[in-house]
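These protein sequences, in sequence, are chains S and L. Just so you know, numbering that gives the first Met the number 0 puts 381 at position 382 of the first sequence, and the rest follows in order with no gaps. Just so you know, numbering that gives the first Met the number 0 puts 27 at position 28 of the second sequence, and the rest follows in order with no gaps.
Be a bit skeptical, because a hint or two may be false.
Quick look at which bits of chain L chain S covers, simulated, 3 or more residues with Cβ under 8 Å [to be verified]:
1) 25 to 33
2) 42 to 52
3) 75 to 85
With a straight-line Cα cutoff of 30 Å, these simulated DSS-like cross-link-like pairs (lysine-lysine) come out [said to hold, decoys possible]:
4) L/Lys92 <-> S/Lys373
5) S/Lys337 <-> L/Lys48
6) S/Lys97 <-> S/Lys127
Sample of chain L residues facing chain S (criterion: CB under 7 Å; computed from the structure) [unchecked claim]:
7) Arg36
8) Ser37
9) Gly38
10) Glu88
Simulated from the structure, these hints should not be mistaken for lab results. Glycine included, every Cβ here is placed at the ideal spot set by N, Cα and C.
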Amino acid sequence: MKAFHLLRREYYSSLVASGVKLLGWSSITTVEELADETISIASSKLNQEFDKIYIKDELLQDWKNRLRSRRNTDESMQPDDQAQLNELFDEAVLQQSKLEFLLECCAPTISPRSQIIFILNAVCGYSKDDISVALVISEAEIDDSLDRTRSKLMKVTPLIPQSTKLNILHTAIYEIFMYGYLPTSDDNYANGQLCVDAMRLIKLVLQSYAGIDQDTHAVMALMCFYSARFPARVSAQGEILELETNDRSLWDKDLISMGIYYLKLAYDSNKTSRYVFEAAIASVHGIADDVLSTNWQAISGLYERLEDIQSNPSTNLKRAEAILHANGPKEALAYLQKSLHGSWLRNHSDYHGLLGIIYSTLGDGTMAIAHYEKALSLTALRAEKEYFNRKISNQKVLMN
Amino acid sequence: MQEFMVLIFRGQIPGEGISEDHQDVRSLLAWIERLSRSGNFIAGEIIGKDASMASAHQFNDEASMQSPVNACIRITALNVDQAVEIANECPLKVNGTIQVRPVTMFQL
Numbered sequence: 000m001k002a003f004h005l006l007r008r009e010y011y012s013s014l015v016a017s018g019v020k021l022l023g024w025s026s027i028t029t030v031e032e033l034a035d036e037t038i039s040i041a042s043s044k045l046n047q048e049f050d051k052i053y054i055k056d057e058l059l060q061d062w063k064n065r066l067r068s069r070r071n072t073d074e075s076m077q078p079d080d081q082a083q084l085n086e087l088f089d090e091a092v093l094q095q096s097k098l099e100f101l102l103e104c105c106a107p108t109i110s111p112r113s114q115i116i117f118i119l120n121a122v123c124g125y126s127k128d129d130i131s132v133a134l135v136i137s138e139a140e141i142d143d144s145l146d147r148t149r150s151k152l153m154k155v156t157p158l159i160p161q162s163t164k165l166n167i168l169h170t171a172i173y174e175i176f177m178y179g180y181l182p183t184s185d186d187n188y189a190n191g192q193l194c195v196d197a198m199r200l201i202k203l204v205l206q207s208y209a210g211i212d213q214d215t216h217a218v219m220a221l222m223c224f225y226s227a228r229f230p231a232r233v234s235a236q237g238e239i240l241e242l243e244t245n246d247r248s249l250w251d252k253d254l255i256s257m258g259i260y261y262l263k264l265a266y267d268s269n270k271t272s273r274y275v276f277e278a279a280i281a282s283v284h285g286i287a288d289d290v291l292s293t294n295w296q297a298i299s300g301l302y303e304r305l306e307d308i309q310s311n312p313s314t315n316l317k318r319a320e321a322i323l324h325a326n327g328p329k330e331a332l333a334y335l336q337k338s339l340h341g342s343w344l345r346n347h348s349d350y351h352g353l354l355g356i357i358y359s360t361l362g363d364g365t366m367a368i369a370h371y372e373k374a375l376s377l378t379a380l381r382a383e384k385e386y387f388n389r390k391i392s393n394q395k396v397l398m399n
Numbered sequence: 000m001q002e003f004m005v006l007i008f009r010g011q012i013p014g015e016g017i018s019e020d021h022q023d024v025r026s027l028l029a030w031i032e033r034l035s036r037s038g039n040f041i042a043g044e045i046i047g048k049d050a051s052m053a054s055a056h057q058f059n060d061e062a063s064m065q066s067p068v069n070a071c072i073r074i075t076a077l078n079v080d081q082a083v084e085i086a087n088e089c090p091l092k093v094n095g096t097i098q099v100r101p102v103t104m105f106q107l
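Next comes chain L alone, as it looks inside the complex:
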């Protein structure tokens, strides 16, 4: 099994968050529950839209201060194809986009 990070970008407007109405959260929960049952869920969080920046340089770009990533879910999958298939079933795909990236296990 390999580990992947599923990054959920919600909506086209940067900073548009996951709606707090019951339906959004419920559908995401149902998806997480299914992933737990099939043994694919490791961890994850919904992320707030406002970012606080730490940078060596002055940072005044308001748009960039709002993160377009609205949730990060860490999963296991047999390979990247399966990870993408799993991400495809995320209910929030309908109004946004989802990125799947392998978690790099590095060793010094």
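If we strip away everything but chain S, and leave its shape as in the complex, we get:
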């Protein structure tokens, strides 16, 4: 089973992209079934410890035969089809096919969530089990989503501008990364593999697509800055470490430099986007030695501009945190009280966690503890429960 998963991760997208290129999107279901069969046969050989290069050659040859056979059942192959078939597996052509496939997945009639489920399955080679764990979603929901997506992709749709597809793709890749970066369940805390796969996808776009825009660079920059923090985010004991207590000497400097490089490419004074602002905010954290020397005024200003584009409970909370550091607890509290998303915020553990910090800074330990306790009751994550328990203990020590 392990061999099957490994081979699926490595080859599934190549098989499916080349299959769809040859047989068309109307055959997507057949192509996926054939690809799984091909990988299943190859994985049984891998289990018998055949040489990996041999397996790869065997797998690709088997795939070509299956495609040829499938094509022959539909129509007679022309003499030049054989050459076309071989050409499909040229490394550069294959990369291009994967990119085209990835862009074609981004149809505007599919929900963002279904897009990432399909991309994880068909492009990243994730099994339903993997997706279920990664997105905290049931297999029935995955099946339903995949069926709906396939049926939409099989339909001939009016010509969709490449720029629209690229925008959709940016969102999908960003979301895949964030599912990995932000904790979603106890089994899935800081899922680095999703982040790595999201970075592979954006690299594929950067390397193979001529139509990239500032957002492609901004999404890459953002991922570099966030990935740089990975080694310092969770302690050896599995505790969540706040940005304040991160050992920044563990942050990956090369990734921060790479982030700055891509952010410079993304910067355009005449055009703005959520990704550019988010990457710029991450860059300010990335270049600061510690929390005290962080330019919180700049971060607060960037969140203000981000909210002009996109205001939601999450940006409200992050901006409030920046205001706390830049202007103090009273202004942060006043800002939160004015939030248009109050009803959602009040049910969020992070909101009460932040209020706990605000009241603690204001010297009101009783209110601080009340909010930490509320936060504790709202989170389902073990690591967050431990974090809020520590906050309560520390606050009690401060009050005695």
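Fit chain L to the given chain S structure using the hints.
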């Protein structure tokens, strides 16, 4: 991008509200969080079940005084198909129905 109003009708009994137990609110919050992350969420509120009426006429219909709409969520989507797909993923769909309507941007 276009704007849509997602109206969540919970349950078959008029006036049955969104349950205040943690699971209902948590699942709705998780959905809102996902929509925020993908850039589709604009605003929204859960609505109380009891309505107070303002009408030019006498109004005594008790059943109509209880609103069957339990939440309104304003979203952006590329088109109505995508808006419907997004609404389809709302966790409260299981015990109710959901309506998607375009927000009309009118100009005099």
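Each hint tested on the structure:
Proximity of the segment 25 to 33 of chain L to chain S, defined as three or more residues with a beta carbon under 8 Å from a beta carbon of that chain, is established by the 5 residues found. Counting residues of the segment 42 to 52 of chain L whose beta carbon lies closer than 8 Å to any beta carbon of chain S gives 4, which meets the minimum of three for the stated coverage. As drawn, the segment 75 to 85 of chain L meets chain S at 6 residues by the rule of a beta-carbon pair under 8 Å; at three or more, the given contact holds. About 28 Å separates the Cα atoms of L/Lys92 and S/Lys373, which keeps this hinted pair within 30 Å; it holds.
Only pairs whose Cα atoms come within 30 Å are accepted, and S/Lys337 paired with L/Lys48 is accepted, the gap being roughly 25 Å. Straight-line distance between C-alpha atoms of S/Lys97 and S/Lys127 comes to about 21 Å, which keeps the hinted pair within the 30 Å bound. Annotation: interface hint on L/Arg36 holds; nearest CB of chain S at approximately 6 Å, less than 7 Å. Look at L/Ser37: its Cβ gets to within about 4 Å of chain S, closer than 7 Å, so that hint holds up.
With its C-beta approaching chain S no nearer than about 6 Å, L/Gly38 sits inside the 7 Å limit, and its interface hint holds. Because the closest C-beta pair between L/Glu88 and chain S is about 6 Å apart, less than 7 Å, the hint holds.
The structure shown violates none of the earlier numbered hints.
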